[in-house]
Structure formats: structure tokens, C-alpha cells
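Residue numbers (numbering that gives the first Met the number 0), protein chains in the order written: chain A, 0 to 324; chain B, 0 to 324; chain C, 0 to 324; chain D, 0 to 324.
A few of these clues could be false.
Below, in silico cross-link-like pairs of lysine-lysine (DSSO-like), each with a Cα-Cα straight-line distance of 30 Å or less [what the hints assert, rightly or not]:
1) K25/C to K218/D
2) K25/D to K218/C
3) K218/C to K22/D
4) K250/D to K282/C
5) K315/C to K203/D
6) K315/C to K254/C
7) K22/D to K203/A
8) K203/B to K203/C
9) K203/C to K198/B
10) K203/B to K25/C
11) K315/C to K282/C
12) K198/A to K203/D
13) K282/D to K218/C
14) K218/D to K315/C
15) K218/C to K218/D
16) K203/D to K203/A
17) K218/D to K22/C
Just so you know, these hints were derived from the structure itself, not from any lab.
Just so it is clear, the structure is predicted and the values come from calculations on it, not from any experiment.
Number of protein chains: 4
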Amino acid sequence: METNLEPQSGYGSDSYTESAKEKIRKVCECPQADVWFLTGGTQTNQNVIDAMLQPYEGVVAASTGHVSVHEAGAIEFTGHKVLTIPQHEGKIYAEELESYLRGFWEDTDHEHMVFPGMVYISHPTEYGTLYTRSELENISAICEAYDIPLYLDGARLGYGLMSDNTDVTLGVISSCCDVFYIGGTKVGALCGEAVVFTKDNTPKHFLTHIKQHGALLAKGRLLGIQFDTLFTDDLYFLLGRHAIDMSELMKNGLKERGVPFYIDSPTNQQFLLLTNEQAERLKRQVLFSTWERPDEMHTVIRLATSWATTEENVQKLLQVFDEIM
Amino acid sequence: METNLEPQSGYGSDSYTESAKEKIRKVCECPQADVWFLTGGTQTNQNVIDAMLQPYEGVVAASTGHVSVHEAGAIEFTGHKVLTIPQHEGKIYAEELESYLRGFWEDTDHEHMVFPGMVYISHPTEYGTLYTRSELENISAICEAYDIPLYLDGARLGYGLMSDNTDVTLGVISSCCDVFYIGGTKVGALCGEAVVFTKDNTPKHFLTHIKQHGALLAKGRLLGIQFDTLFTDDLYFLLGRHAIDMSELMKNGLKERGVPFYIDSPTNQQFLLLTNEQAERLKRQVLFSTWERPDEMHTVIRLATSWATTEENVQKLLQVFDEIM
Amino acid sequence: METNLEPQSGYGSDSYTESAKEKIRKVCECPQADVWFLTGGTQTNQNVIDAMLQPYEGVVAASTGHVSVHEAGAIEFTGHKVLTIPQHEGKIYAEELESYLRGFWEDTDHEHMVFPGMVYISHPTEYGTLYTRSELENISAICEAYDIPLYLDGARLGYGLMSDNTDVTLGVISSCCDVFYIGGTKVGALCGEAVVFTKDNTPKHFLTHIKQHGALLAKGRLLGIQFDTLFTDDLYFLLGRHAIDMSELMKNGLKERGVPFYIDSPTNQQFLLLTNEQAERLKRQVLFSTWERPDEMHTVIRLATSWATTEENVQKLLQVFDEIM
Amino acid sequence: METNLEPQSGYGSDSYTESAKEKIRKVCECPQADVWFLTGGTQTNQNVIDAMLQPYEGVVAASTGHVSVHEAGAIEFTGHKVLTIPQHEGKIYAEELESYLRGFWEDTDHEHMVFPGMVYISHPTEYGTLYTRSELENISAICEAYDIPLYLDGARLGYGLMSDNTDVTLGVISSCCDVFYIGGTKVGALCGEAVVFTKDNTPKHFLTHIKQHGALLAKGRLLGIQFDTLFTDDLYFLLGRHAIDMSELMKNGLKERGVPFYIDSPTNQQFLLLTNEQAERLKRQVLFSTWERPDEMHTVIRLATSWATTEENVQKLLQVFDEIM
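Build the full structure now, drawing on both the sequences and the hints.
Put into C-alpha cells, the structure is as follows:
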């Protein structure tokens with residue numbers, strides 16, 4: 000609001016956006032990084048993937064990857080297939096990736112198939128899990144061996160970076176990935192994701208590409224100002240840390256109450272294994288996402304804390320569990 | 000900012016968005032209108048046109064239409080052709096539209112051509128001109144006769160509605176058009192355009208369509224709150240009126256100084272016919288858009304006022320003209 | 000060649016094409032069928048699927064379905080996702096299909112996902128297996144319950160219809176499927192596939208759609224004449240039967256020699272489970288497709304007979320197996 | 000028919016196709032040419048243009064170009080805009096092309112527009128007219144200066160090469176164009192067009208691209224055999240010459256009868272300017288294409304001769320004109 004009357008040039012060429020880019024380059028320890036701002040996660044995946052792939056290529060992803068399941072076909076809309084490989088609590092394994100790529104190139108029929116042109120991972124994954132630094136490095140090495148870029152979807156990156164159980168930093172990500180994005184929306188921004196190209200590899204005429212995809216924001220400063228703020232005085236990390244603290248509080252409280260967990264997640268998303276009856280009782284008091292049904296009797300539900308979750312929120316939730324378990 | 004900590008459901012299902020929709024239905028005198036919010040103009044054109052057309056159809060537009068020239072091919076990106084007909088100071092003529100449509104259907108070869116499936120007009124046009132109520136009604140009648148929807152791009156609608164020389168109101172537009180949008184970005188919003196379907200004709204699963212196009216905003220309230228504010232206490236109209244007042248001031252000042260106009264525009268965009276030398280001298284002091292070169296010696300430039308233009312801005316500009324003419 | 004100088008109208012409106020359509024309607028016991036001719040299998044899948052789906056829909060297929068794996072992304076090229084469900088020797092199970100569709104509609108998040116808009120099956124499948132009449136009817140009933148069309152890819156249909164082990168006829172297929180195609184290329188045609196819409200459900204302006212997809216043949220008679228010939232004096236069935244006879248001869252010969260089969264296929268494609276050494280030795284004398292590697296030591300290879308396979312061909316192949324086993 | 004039982008590998012890797020390619024390289028005086036075969040003209044334009052353009056680029060064409068008007072939006076279907084410039088009896092002028100390209104790059108707003116990435120011309124044009132060698136060279140030089148490929152649509156090329164009034168040979172075309180195609184369908188082939196890349200510039204993985212577009216013919220020999228035949232003993236040129244002879248006969252006969260011509264076409268397409276009454280009378284006896292209506296009283300009709308037109312056909316037509324004029 001304060002800058003609304005200040006004349007600034009449009010489409011991301013304003014001074015706030017420039018400042019945000021500089022701060023991101025610094026925090027990523029990647030001085031050559033080329034930073035762009037888009038409005039939302041699906042839009043970012045669609046723009047980055049379509050711009051990096053050749054028309055005859057697809058993107059390799061875990062079968063549970065957001066691009067594969069929850070983006071209404073935004074990748075296919077641009078003409079590209081999502082090539083799925085097995086997931087393990089949301090993650091892909093380097094050796095399975097390697098085996099998939101090797102199999103493709105060995106297949107004498109591969110000219111009749113979709114070429115794997117990029118690898119997509121999310122960190123944290125859709126199951127709240129995290130790659131280790133060494134896992135990332137292994138995946139990165141395979142991508143390099145097959146000469147295809149590695150792309151990391153960081154919609155919830157702040158919650159991953161601030162987990163207690165991680166050796167992955169923005170610097171590690173910048174050196175392992177060809178491109179990734181730092182999610183703003185999920186850590187408190189009104190909207191906005193920061194795309195980082197790390198290897199002088201920005202697609203040619205990327206601005207025109209963004210415009211063609213209907214994703215170019217006229218008043219780019221709206222994104223620039225927010226990221227400039229998020230990367231001032233560590234705000235981005237403090238917001239992330241807060242969600243982790245609240246998640247740990249919730250997790251411990253639930254464990255004390257004997258609630259079984261479906262997955263051991265070190266971030267802000269927790270997956271509980273409830274009986275259908277428990278889930279039914281919970282639904283009357285709490286809004287949650289039903290994740291999957293592992294069998295006829297049980298339901299896996301997801302609970303997520305965020306930058307905005309208060310201790311009071313968590314305590315209230317635990318009281319509800321006292322009643323329903 | 001005030002509502003940021005307030006829990007609200009996402010993707011446009013929050014209470015602010017609901018309130019904005021209700022206000023727009025009222026101001027459009029169209030109780031059955033279905034209102035949606037998107038972030039920018041090109042995105043809106045892309046989403047509406049692609050959703051309303053059959054895959055084998057294209058959209059008819061003036062050769063100078065924004066969708067035809069200045070959207071980096073966003074319409075073609077979705078597989079649809081922009082079918083151009085002649086423009087007259089940015090407008091299309093009802094009789095030429097009729098002749099085009101008739102010609103298509105009479106052509107024995109038309110099954111090998113792109114079917115005209117929609118008509119696109121902008122109001123104000125890219126040349127700042129306005130349709131009259133009767134012109135709109137004529138175009139609307141032709142669309143009805145050929146059973147194709149009429150779509151009005153209102154990126155600058157606020158500046159058209161508040162012009163001194165118009166009998167077109169939101170009510171008139173709602174009754175003439177099958178769908179149109181009320182631009183927010185160009186009248187002071189951070190971002191946001193309001194799409195209005197007027198005839199119970201929202202495309203099926205439009206939310207999924209928007210998501211697929213990468214255009215679904217997670218925190219939809221960002222758009223809802225802005226439009227709720229714009230349509231409270233006539234703010235939208237006051238902002239529009241202000242730009243018109245400033246435009247008139249500028250226009251009169253320029254006319255007094257003998258500056259020739261290329262087009263007689265009743266809105267906030269003015270097109271001046273300068274000699275190349277004048278344009279060159281102006282460039283040193285003023286940022287403007289070069290519009291076209293009618294001949295080797297002359298340059299048409301565009302000057303636009305807005306909700307944010309001050310009287311002081313205009314006076315300063317006129318002083319510059321005192322020097323360069 | 001005989002008709003080349005005979006003037007006929009183009010794009011499939013000639014008298015040979017008309018005659019072929021009539022014969023196909025008869026042999027399918029489907030007087031209301033609307034028949035179209037296209038040149039190849041991938042082209043047919045692309046045109047039919049894209050024309051039958053809404054833009055926000057995808058096609059459900061077995062994970063091994065031809066559209067999913069071996070068409071270079073031709074379906075995704077048109078903007079649609081292939082939604083895969085488990086395969087069982089190339090087939091899908093009605094109950095798993097039902098569970099998938101139910102799961103989609105029960106998912107509270109499904110508006111953010113690709114809508115299942117069609118079911119694709121191949122018959123024979125990519126593994127040479129066949130659906131039974133009752134399996135087809137069950138799948139058909141589920142499609143009807145969920146109000147989505149069932150599409151059968153009959154690239155190798157002739158070889159399925161003439162198998163000894165089938166109760167599926169063209170009449171059964173016509174009554175179970177909303178649309179299917181009868182493959183010409185794989186039973187001896189130079190090119191050509193016959194698409195059959197069985198329920199007055201031809202997509203609107205399908206000719207224009209085909210033209211837009213670059214698939215409209217100017218001299219449509221090239222396809223019409225071939226199908227007219229194939230459905231004269233049971234030629235289509237005789238060619239299919241011949242391949243089955245040759246396949247049985249080959250199968251029995253291989254079994255006598257103790258060659259293990261990977262799948263029990265009743266049609267013209269046979270899948271052998273060889274050791275890697277055997278496969279290596281075979282490769283020196285026979286051209287075959289390597290299908291998959293079930294483990295480190297073994298290779299599954301595919302051998303296919305056709306309308307053109309001779310008894311001598313089979314005997315020679317068996318002699319090679321005498322040497323390599 | 001003779002080769003149908005001969006085993007040959009598929010997808011254009013057979014020996015007939017190889018022989019046809021070699022003959023085309025020779026007749027084009029272009030030893031490095033890479034030749035591909037596709038089935039039809041629209042399919043060829045779609046595949047070549049989509050493969051040569053970057054996603055943010057469009058193709059420049061005359062407003063009357065086949066790709067612009069008569070291909071049901073096949074180019075836009077692949078996401079690319081057809082950027083039209085003025086036509087002059089179907090041709091584009093080098094200076095207008097240059098002015099268009101210069102204007103694009105000088106426009107400060109061009110990053111919000113579709114980049115011109117290729118130039119499309121047809122020869123003969125849709126009006127039967129021909130470029131001269133020097134016109135082709137000028138257009139070619141401009142394309143080179145702007146670093147974009149020149150593509151020539153030769154659907155009717157045989158009729159252009161054999162015109163009495165041309166200095167354009169296949170060698171000239173090969174040296175001026177980056178890619179062009181030699182039409183087979185319109186000179187007597189059942190189907191088939193030969194695409195020639197002249198400058199070691201075949202798009203990467205073009206076979207996969209063709210497959211993805213549904214345009215890969217399984218039995219590629221069907222195309223190879225026809226072109227091998229067409230380029231044996233000058234058959235292609237003799238067929239072309241025959242149509243020109245018949246066209247001249249028709250033209251002279253019509254001129255003797257005082258029939259006015261709309262355009263002076265040196266090839267097999269002739270455009271007559273009839274009164275509406277004459278056109279009406281003609282329609283009762285002759286099947287023709289109505290081309291355009293220059294005014295309320297007149298109709299331009301097209302008459303085309305071909306490889307199959309006989310002298311008797313022409314004489315009969317002239318007799319009809321004796322009656323109707």
C-alpha cells in the first residue's frame with residue numbers, strides 16, 4: 000500500500016523486484032542466479048517445465064508428485080507428458096531414476112516414446128518428507144550424466160529448510176538443481192513464488208513465454224516487495240521455523256495421546272492413521288484433508304501447521320483428540 | 000494486510016470474494032451474473048476465450064485487438080485462431096462483422112476453415128475509443144443471430160464508463176454481452192480482473208479450467224478484497240472519473256498549444272501526431288509509448304492518464320510541450 | 000490403381016468410401032453406426048480421444064496401454080492426460096476401474112485434478128490378450144454408470160476376432176463401446192483404420208477436427224477402397240484367421256521344444272521368456288522386439304505372425320530354436 | 000501391390016524410400032538434403048512449421064496463404080500464430096516482409112508480441128501465380144538477414160516448375176529455401192508430400208515429432224514407392240507439363256470466347272470473372288470452386304486442370320461456355 004502511488008516500471012522491472020532478486024542470489028550463495036517471480040505454484044511448474052522441455056520431451060516425477068496428480072493437467076495442457084516413477088513416502092530414489100533413464104535409452108523403440116527431458120522433485124514432498132543432501136547430490140549426478148535438468152518444487156521449502164532433521168540448505172539446492180522455486184504463498188505471502196535458474200540457463204525469451212502463458216503480472220512489484228520483505232531480517236526463515244515449532248508441539252501432543260502416524264514427517268505436514276470412526280468424529284470439529292484409504296477400516300488424514308498457526312490452535316486441536324480417541 | 004491472519008477458505012471461496020461478487024451483480028443490474036476473479040488481462044482473455052470456444056473455433060476480433068497483437072500469442076497457445084476483421088479507430092463495425100460471418104457460412108469450403116465461435120471487442124478500445132449503446136446492441140444482435148457469444152474486454156472499462164461522451168453503462172454491457180470483464184489492474188488494483196458471465200453460461204468446471212491454465216490463485220481473497228473495496232462507495236467510478244478529468248485537462252492544454260491529435264479519444268488514452276523531431280525532443284523528458292508511424296516524417300505517440308495522475312503531473316507535461324513544439 | 004483416373008469427390012465423400020461404410024455397418028450389426036477412415040493407429044487414437052474429451056478431461060487407460068507408452072505423447076500433445084490404472088497382462092479390471100472412478104468423485108479435491116472423461120482399452124491388448132464378452136460388458140456398464148464413453152483400440156482387432164478362444168464379435172463390441180476402430184494397417188492394408196461411432200455420438204464438426212489435426216486425407220478413396228475390399232467376401236476375417244493359424248503352429252512348435260511362454264496369448268503375438276544368452280543367440284538370426292526384462296538373467300521377447308506369414312516362415316523359425324535352445 | 004508381400008522395415012526405413020530420397024536429392028541439386036515423406040499438405044505444413052519454430056514464435060505468411068485460411072487452424076492447434084502480411088495475387092513482396100520484420104524488432108513492446116520465426120510462401124500461390132527467381136532470392140536474403148528460415152509450400156509445385164513463364168527450378172528453390180515440400184497428392188499420387196531440408200537443419204528427433212503429431216505412417220514404403228516412381232523417367236515433370244498444356248488450351252479457348260480473367264495465372268489454376276448470372280448458369284453443368292465476390296454483381300470462380308485432365312474434358316468445358324456466355 001505504501002508504494003502504490005510511487006511510479007515504477009511494470010512487468011518486474013521495478014526497483015523492489017531488483018532488490019528482492021539480489022537478496023535471493025545472496026541467500027542462495029549463487030551470485031549468477033537468475034531470479035523470476037510468478038504468482039502461484041501450479042503456474043510456476045507449468046511455466047518452468049514447458050520452457051525447459053523440448054516439445055517431444057516429458058518430465059519425470061514421482062507418481063505422487065504435485066505436477067502428476069494435483070494440477071488439473073496443467074503440464075499436459077502445454078503438451079508434455081508427466082513420466083511417473085515409483086514414490087517412497089513422496090520421494091524418488093536415485094537408483095530407480097537411473098534405471099528408468101537407462102531403460103529408456105536402451106529401448107530400441109524409444110523414438111516412438113516420450114523422451115525424459117527433465118526431473119521434477121518436491122522438497123518437502125507431498126508427504127512432508129525431505130531429501131538428504133546426499134540423496135539430492137545423487138539425483139543431481141544422474142541428471143547430469145543424462146544431460147537433463149533437475150527441477151525442485153519448493154512450494155513448502157521454508158518448512159523444509161527449518162526442519163530439525165535436514166542438512167539441505169538453499170546453497171545445497173542451488174548447487175544441485177538447475178532450477179527451483181522458493182514458495183511464498185505457503186509461508187505467508189499474499190501470492191508469489193520465486194524461480195531461481197542457477198546455471199546461466201534461463202530459457203530464451205522467458206518473459207515472452209510467461210506472457211504467452213497468461214502469467215505475466217503487470218504490477219510486478221507486488222511480488223518483488225513481498226520477497227524483498229521475506230528475505231529481510233530472516234523473516235522467511237522465522238516464519239518457516241514457527242510452523243515447525245507448532246508442528247512439533249502438535250506431533251508430540253498427538254503421540255502422547257497414542258495417535259498413530261502414517262508417515263514420520265519432519266516438516267509441517269503430519270499424516271495420521273485413524274480408524275474411519277475416529278476420522279468421522281474428528282470431522283465434526285476440525286477441517287482437514289482426507290489423504291488416502293489404506294484399507295477398508297482406516298483413513299489417513301493430513302494436518303498442516305503454518306506460519307499463522309498459534310499455540311492456542313494446537314492446544315485446542317489436542318483437546319479435540321482427547322475426546323475422539 | 001488486515002485480514003491476513005483471518006482464516007478463510009481458499010481459491011475464491013472466502014467471504015470477501017462472495018461480497019465482491021454480490022456488489023458486482025448489483026452494479027451490473029444482473030442478478031443472475033456469475034462472477035469470477037483472475038489476476039491479469041491477458042490471463043483473463045486466454046481463460047475466457049479458451050473456455051467458451053469449441054476446439055475447432057476461433058475468436059473474431061479487430062485487427063488491432065489486444066488479443067490479436069499484444070498478448071504474445073496467448074490465444075493461439077490454447078489452440079485457437081484469432082480471426083481478424085477491419086478496425087476503425089480500434090472498433091469493429093456491425094455490418095462488417097455480419098458480412099464476415101455470412102461469408103464464412105456461405106463458403107462451400109468452410110469445413111476446412113476455422114469456425115468463428117465468439118466475438119471479441121474491447122471497450123475502450125486500444126485507441127481509446129468507445130462503442131455507443133446502439134453500436135453495442137447491433138453487434139450483440141448479430142452475435143445472437145449467428146448464435147455465438149459476445150465478449151467485451153474491459154481492461155480499461157472504468158475509464159470508458161466515466162467518459163463524458165458515452166451512453167454505455169454496466170447494465171447495458173451486461174445485457175449486450177454474454178461475458179465481459181471489469182479491469183482492476185488499470186484502475187489502481189494491485190492485480191485483478193472480474194469476469195462476469197451474464198446469461199447462466201459459465202463454462203462447465205470453470206474452476207478446473209482455470210487451474211489447468213495455471214491461473215487459480217490460492218489466496219483468492221486477495222482479489223475479492225480489492226473488488227469489494229472498488230465497488231464500495233463508488234470508488235471504482237471515482238477513480239475512473241479522475242483519470243478522465245486529468246485526460247481532459249491534458250487534452251485541452253495540448254489543443255491550446257496546437258498539438259495535433261491522431262484520433263479523437265474520449266477516454267484516458269490520447270494519441271498525438273508529432274513530427275519525428277518533436278517526438279525525439281519529447282523523449283528526452285517524458286516516458287511514452289510510440290504507437291505507429293503513419294509516414295516517414297511523423298510519429299504517433301500515446302499518452303495515458305490514470306487513477307494516479309495528478310494535476311501537477313499534467314501541468315509539468317504541458318510545460319514540456321511548451322518547450323518542444 | 001484401377002480407379003485412379005475415375006473422377007471422385009475428395010475427403011471421403013466418394014462412392015467407394017460410402018460402400019465401405021455400409022459394409023462395416025452391416026458386419027457390426029449396427030445400422031446407425033457412423034464410420035470414418037483415418038490413416039494410422041496413433042493418429043486415430045489422437046483424433047478420437049481429443050474429439051470426445053472435454054478440455055479438462057483425461058483418458059483412463061492401462062499403464063501398458065499403447066496411448067500411454069508408445070505414441071510419443073500424441074495424447075498429451077492435444078492437452079489431455081492419460082490417467083493410468085493397473086494392467087493385468089495388458090487388460091484393465093472392471094472393479095479397479097470402478098474403484099478409480101469412485102475414488103476420483105469422492106475426493107474432495109477432485110476439482111484440482113484431471114477429470115476421467117473416457118476409458119481406453121485395446122483388444123487384443125499390447126500383450127496379445129483378449130477381453131471376454133462378459134468382461135467387456137462389465138467395463139461398459141461402469142462407463143455408463145459414470146456417464147463416460149468406452150473406446151476400444153482395435154489396431155489388431157482382426158487377430159482378436161478370429162482367435163479360437165473368444166466370444167467377442169464385432170456386434171458385441173458395437174454394443175459395448177461408444178466408439179472403436181477396426182485396424183487395417185496390421186491386417187494387410189497399405190494404411191487405414193476405420194473408426195466406428197456406435198451411438199449417434201460423432202463429435203460435432205469431426206471433419207474439421209480431423210483437418211485441424213492434419214489427418215484429413217485428400218483422396219479419401221484410398222482408404223475407402225481398401226476397407227471396401229477387406230469387407231468383401233470376408234477377406235478381413237480370412238486374413239485374421241490366417242495369422243492365428245500361423246501363430247498356433249508357431250506356439251505348438253515352440254512348446255514342443257520346451258520354450259517357456261511369458262504370457263498365454265490366444266492371438267498373433269507371442270511372448271517368450273528366454274535367458275539372456277538364448278535371446279542373444281536368437282538375435283543373430285531373427286529380428287524380434289525385446290519386450291521387457293523381468294530379472295537380470297531373463298529377457299521377454301515378442302514374436303508376431305501376420306496375414307503375410309507363411310508356413311515356411313514358421314518352420315524356419317522353429318529350426319532356429321532347435322539350434323539356440 | 001507388387002511389393003506388398005516383400006518384407007521391409009517400417010516407418011520410412013525401407014529401401015524404396017531410400018531410393019526416392021536419393022533421386023530427390025539429385026533432382027534438387029542438393030546432395031546434403033534430408034528428405035522426409037508425409038501424407039498430406041496440411042499435415043506437412045503443421046509438422047514442418049511446428050518443428051522449426053520456437054514455442055514463442057509464429058510464422059509469417061500472406062493473408063491468403065493456405066496455412067492462414069484453409070487449414071482449419073492446424074497451425075494454431077500447435078500453439079503458433081500465423082502472422083499475416085499483405086498479399087499481391089497470392090504473393091508477398093520482399094520489401095513489405097522486410098518492413099514487417101524491421102517494425103517488429105524496432106517496436107519497444109515486441110517482447111509482448113509473437114516473434115516472427117519463419118516465413119511461409121506457396122509456389123504456385125493460392126492464385127496460381129509464381130515467384131520469379133529474383134523475387135525468391137530477395138525474400139531469401141531478407142530471411143537470412145533476420146536469421147529465420149524460409150519455407151516453401153509446394154503442394155502444386157509440379158505445375159509451377161513446368162509453366163512456360165518461370166525461371167525457378169528445384170535447384171533454385173533448394174538454394175533459396177531452408178525447407179520446402181514437393182507435393183505428390185496434386186500431381187497424381189494417392190497421397191504423399193516430400194519434405195526437403197536443405198541446410199543440415201532437420202529438427203532434432205523429427206521422427207518422434209512426426210509420431211507425436213499422429214503423422215507417422217507405419218508402412219512408409221507407400222510414400223517411398225510413389226516418389227521413387229514420380230522421379231523416375233521425369234514422370235513428375237511430365238505430369239506437371241500435361242496439366243499446363245491443358246490449362247493453356249483451356250485459357251486460349253476461354254479467351255477466344257471473350258471470358259474475362261481475374262488474374263493472369265501461368266499455371267494450372269485459372270480464375271475467371273463471371274457475372275453472377277453466368278456463374279449460376281455454369282453451375283448447372285460444371286463443378287467449380289467459387290473463389291470470391293469482388294462486388295455485388297460478379298463472382299470469381301476457379302477452374303483447375305491436372306495431370307488427369309484430357310483434351311476432351313477441355314473441349315467439353317469450352318462448349319459449355321459457348322452456351323452460357
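Taking the hints in turn, this is what the structure says about them:
1. K25/C to K218/D: holds, 29 Å
2. K25/D to K218/C: holds, 29 Å
3. K218/C to K22/D: With a Cα-Cα distance of about 25 Å, the restraint between K218/C and K22/D holds, given a limit of 30 Å.
4. K250/D to K282/C: Judged against 30 Å, a Cα distance of about 63 Å means the pair is violated.
5. K315/C to K203/D: violated, 40 Å
6. K315/C to K254/C: holds, 16 Å
7. K22/D to K203/A: violated, 39 Å
8. K203/B to K203/C: holds, 18 Å
9. K203/C to K198/B: The hint holds at about 23 Å.
10. K203/B to K25/C: Between K203/B and K25/C the Cα gap is close to 38 Å, so the pair fails against 30 Å, i.e. violated.
11. K315/C to K282/C: holds, 14 Å
12. K198/A to K203/D: holds, 23 Å
13. K282/D to K218/C: holds, 23 Å
14. K218/D to K315/C: Between K218/D and K315/C the Cα gap is close to 25 Å, so the pair holds against 30 Å.
15. K218/C to K218/D: OK: K218/C and K218/D at ~18 Å, within 30 Å.
16. K203/D to K203/A: holds, 18 Å
17. K218/D to K22/C: holds, 25 Å
Violation of the numbered hints given earlier is confined to hints 4, 5, 7 and 10; the remaining hints are satisfied by the structure.
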